[in-house]
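Chains as they are written, first to last, in the numbering used here: chain X, 6 to 160; chain P, 25 to 408; chain E, 2 to 300.
Among the clues, some could well be false.
[To be verified] Far from chain E by the CB rule (all over 10 Å, computed), these chain P residues:
{"no.": "1", "residue": "T29"}
{"no.": "2", "residue": "T86"}
{"no.": "3", "residue": "D93"}
{"no.": "4", "residue": "P104"}
{"no.": "5", "residue": "V138"}
{"no.": "6", "residue": "R230"}
{"no.": "7", "residue": "A241"}
{"no.": "8", "residue": "G253"}
{"no.": "9", "residue": "E289"}
{"no.": "10", "residue": "L299"}
{"no.": "11", "residue": "S335"}
[What the hints assert, rightly or not] Short derived list, chain E residues pointing at chain P, Cβ under 7 Å:
{"no.": "12", "residue": "G76"}
{"no.": "13", "residue": "M116"}
{"no.": "14", "residue": "G267"}
Simulated from the structure, these hints should not be mistaken for lab results.
Virtual Cβ for every residue (Gly too), placed ideally from N, Cα, C.
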Amino acid sequence: MRTVDQLLAEAPSFEGMSSAHLELIAGCGHNEVFEPGAYLLREGDPADRFYVIRRGHVAMEIFVPQRGALTVETVGPGELLGWSWLTPPFRVHLDARALEETHALSFDAACLRGKCDEDAVLGYQLMRRFLPVVVERLQATRVRLLDVYGHAGST
Amino acid sequence: MEIETEAQVIDREGLDRLLAALGGRGYELIGPTVRDGAILYERIDSAADLPEGWTDEQEGGTYRLRRRDDGALFGFNVGPNSWKNHLFPPNLTLWKGRRGEGGEISFEERTEEVPRYAFIGVRSCDLAAIGVQDRVFIGDGHTDADYEARRREAFVVAVNCGEAGATCFCVSMDTGPRARSGYDLALTELIDEGGHRFLAEAGTERGAELLAEIGAASAVQADTDAAAGVSERCASQMGRELDTDGIKELLYRNMEHPRWDEVSERCLTCGNCTLVCPTCFCHTVEDTSDLAGAEAERTRQWDSCFSLEHSHIHGGSVRNSPNSRYRQWMTHKLASWIDQFGTSGCVGCGRCITWCPVAIDITEEAAAIRATDLGEGRGIDADR
Amino acid sequence: MPAPPEGTARPAAESVGWPAPGDAPARDPMLPSAYLVTSKRQELDDTWTLVLEPADGAAVGEFGPGQFSLLYAFGSGEVPISLSGGGARGEPLVHTVRAVGAATRAICAAEPGEMLGVRGPFGTSWPLEAAAGGDVVVVTGGIGLAPLRLAIERLVAGREQFGSVSLLYGARNPAEMLYPSELDAWGDAGIEVATTVDSAPSGWKGRVGLVTTLIPEASFDGPRTTAFVCGPEVMMRFVSRALRDRGVPASRIHLSLERNMKCAIGHCGHCQLAREFVCKDGAVFPLDRIEPLLGIREL
Chain X
6 MRTVDQLLAE
16 APSFEGMSSA
26 HLELIAGCGH
36 NEVFEPGAYL
46 LREGDPADRF
56 YVIRRGHVAM
66 EIFVPQRGAL
76 TVETVGPGEL
86 LGWSWLTPPF
96 RVHLDARALE
106 ETHALSFDAA
116 CLRGKCDEDA
126 VLGYQLMRRF
136 LPVVVERLQA
146 TRVRLLDVYG
156 HAGST
Chain P
25 MEIETEAQVI
35 DREGLDRLLA
45 ALGGRGYELI
55 GPTVRDGAIL
65 YERIDSAADL
75 PEGWTDEQEG
85 GTYRLRRRDD
95 GALFGFNVGP
105 NSWKNHLFPP
115 NLTLWKGRRG
125 EGGEISFEER
135 TEEVPRYAFI
145 GVRSCDLAAI
155 GVQDRVFIGD
165 GHTDADYEAR
175 RREAFVVAVN
185 CGEAGATCFC
195 VSMDTGPRAR
205 SGYDLALTEL
215 IDEGGHRFLA
225 EAGTERGAEL
235 LAEIGAASAV
245 QADTDAAAGV
255 SERCASQMGR
265 ELDTDGIKEL
275 LYRNMEHPRW
285 DEVSERCLTC
295 GNCTLVCPTC
305 FCHTVEDTSD
315 LAGAEAERTR
325 QWDSCFSLEH
335 SHIHGGSVRN
345 SPNSRYRQWM
355 THKLASWIDQ
365 FGTSGCVGCG
375 RCITWCPVAI
385 DITEEAAAIR
395 ATDLGEGRGI
405 DADR
Chain E
2 MPAPPEGTAR
12 PAAESVGWPA
22 PGDAPARDPM
32 LPSAYLVTSK
42 RQELDDTWTL
52 VLEPADGAAV
62 GEFGPGQFSL
72 LYAFGSGEVP
82 ISLSGGGARG
92 EPLVHTVRAV
102 GAATRAICAA
112 EPGEMLGVRG
122 PFGTSWPLEA
132 AAGGDVVVVT
142 GGIGLAPLRL
152 AIERLVAGRE
162 QFGSVSLLYG
172 ARNPAEMLYP
182 SELDAWGDAG
192 IEVATTVDSA
202 PSGWKGRVGL
212 VTTLIPEASF
222 DGPRTTAFVC
232 GPEVMMRFVS
242 RALRDRGVPA
252 SRIHLSLERN
262 MKCAIGHCGH
272 CQLAREFVCK
282 DGAVFPLDRI
292 EPLLGIREL
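Generate the whole structure from the sequences, applying the supplied hints.
As structure tokens, then:
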């Protein structure tokens, strides 16, 4: 996991965490490569992993019958993928599918949850890094809901 | 009413008398005949219309006729149509409607008489297929009145196959090669030192009466042994195999198997398989009216789950991709049919293999999925 | 006739028994009955409610809540539409129809005095009797309220048989809410009605958010609750999860599905969802029966 240590240090998401914590997190992770079209997460599955994307892009999708799999968001290098592991009922909400060959750090979320229970400071530090992502994406989604690119005068 | 009797024998002239007697009873004879390079079940007048001395060579995506070196009348397997063409016709007017001057509408049920068919030369796989469709159209729930009337009238003369084709797998599906029940008469064609004759077994009272009327002789041991031998040899010649052990559960748990993507790269979604399959029953209705809007008609027409229209609701089709449509056809045929109707939907006739333009083979697909079974995971829970 | 053992993989060669002689032939289920449009109300830009009564002769039969008719516009075509009201013996049939295609446009264009063809009733009903003695939550979105309206009326009529009864209704925007006056009336009749919209023009004082956001604060006791859910399938998928998270058992969450239908009698094969025929095994299904099917794409 020495490589993971170094990569983690590079991942903007975990900047500023103590090396002891980084080692803890690294202990729960490994490298993974996904072919284009492969799923990283499936709706309804237990949320037992999350990812930091190193290379490539991932589409977060909701399958709507007749319309197909609709992409609601895409994530790219340096970004976190998967936050359902932090909150009960610990179940994945959306499908996540690689749009191209994607390299990611894959983390055993169940393992990390256990470590957070033992070390509240670790838990707080992880929350401090995941929550801004959630807030930012939610706010962006709200603005998208306004459909501002539509013609003036339409509801 | 099904009965068991001693086997009897008729010769070539006896067969002529049999068909004539059926005609005399008012049946319209439907039997195999050569047309357009294939052997089709069509209206025939006598045994002279049967494909004497012809056989068919079948393989994936291949069908051609070849001359035999004997005068067998039933020396072939099955062609591109089946008895469903006559029990469940491709087009049928269901009702006619009328709209009057004041806007009042009325509907008139179909009243034509259904034809009385005598089916000549029903193979055991096709006999099983008729039984499968019986469960769809007559089973619990609603009964299709037209199907039931045609079915009730039909006189069935089964023929036990003399040889198996390269795409046949009735043994795997336990539907042959010998007809066991569901017929009025079953014939086994014998051409050997005893002459060209037919072992004839009556399955019903009216079948037995007919044999008595045309003067059938009792069969001797040599005849019944020869007929059993024909079927044994035929059973050993099957060109395909399908392992049906746990097949419903196998397909249910492999609904996301990558094989569906692979086969859909070949599948043209042309629907040939559904046309030639003797058990496929999907149909649509078409509502039409004349230009004045005063007369309307609803017709029932064969349809195929391979069409986009089949699963279309407002907004689009549920089964958009070819792989979802191939998966629908194959898993319905081999798996969900069992939950719906209590039997498999497949009788092992091999037509879908023969008539697929790209030679997709249902037995090969089933074997491929079995060999790379994904095991438990995302699929349909078979244990409901 | 001996039947093969249940679930055998191989077909039987036996033929099937016939109806006993002397059985009265039933009316052909593919033949429509003529019904008269007696009144009509526009609900939304593209949605109308029609009241239908038998033109002459017998009515088609009594409907349970959740069942549907096949409505026929002369010469245009036929579509499955859930019953939204009436349907008991002697009552007219009330159908709310959205004009999305040729047949529905023709149906929506029919004025009082004109006639339509009706076949029915078809399908399964919302199991109201089984819900008695516990709490009930109805979750629906958009035009999904139409197939539930009759069930809600029955809940109101038999209010004392149930614990808490909640209606959670989401629409795209305030202008697309169905039956606004009934929503008020139901609120006055002891139903807890909560509504929300996905987006709203300025001035809207009601809730904005996905209908699932109404679930956590609705007052029902999950394990003692029966849920009736109707709406777009993707909405039903997420609502079902949220209800399960509140402890409602999958066997007591009922969904109404929609598929292409031509015959509605289980013969044409169009409405299949794997082993289920939506026209006769549904359209109302308990979640535990179909949950794995909903999770498989394009089934």
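We went through each hint and held it up to the structure:
Residue placement check: T29 (chain P) keeps its beta carbon more than 10 Å from all beta carbons of chain E (closest about 18 Å). Listed as a non-interface residue, T86 (chain P) keeps its Cβ farther than 10 Å from every Cβ of chain E; the least gap is roughly 26 Å. The Cβ of D93 (chain P) lies farther than 10 Å from every Cβ of chain E, with a closest approach of about 32 Å, so its non-interface assignment holds. For P104 (chain P), the shortest C-beta to C-beta distance to chain E comes to about 21 Å, beyond the 10 Å cut-off, and the non-interface label holds.
Look at V138 (chain P): its CB is around 14 Å from the nearest CB on chain E, clear of 10 Å, so calling it non-interface holds up. Against the 10 Å criterion, R230 (chain P) stays outside the reach of chain E, whose nearest CB is about 14 Å from its own CB. With a least CB separation of 27 Å from chain E, A241 (chain P) remains clear of the 10 Å interface cut-off, as annotated. The claim that G253 (chain P) is not at the interface with chain E holds, since no C-beta of that chain comes within 10 Å of its own (minimum 21 Å).
Its beta-carbon lying about 16 Å from the closest one in chain E, E289 (chain P) satisfies the requirement of being farther than 10 Å from that chain. A cut-off of 10 Å between C-beta atoms confirms that L299 (chain P) is not in contact with chain E; the least separation is 14 Å. With a closest Cβ-Cβ approach of about 6 Å to chain E, S335 (chain P) is found to fall inside the 10 Å limit, against its non-interface label. With its C-beta approaching chain P no nearer than about 3 Å, G76 (chain E) sits inside the 7 Å limit, and its interface hint holds.
This hint holds: M116 (chain E) has a C-beta 5 Å from the nearest C-beta of chain P, less than the 7 Å allowed. Taking 7 Å as the C-beta contact cut-off toward chain P, the hint placing G267 (chain E) at the interface holds, the least distance being around 5 Å.
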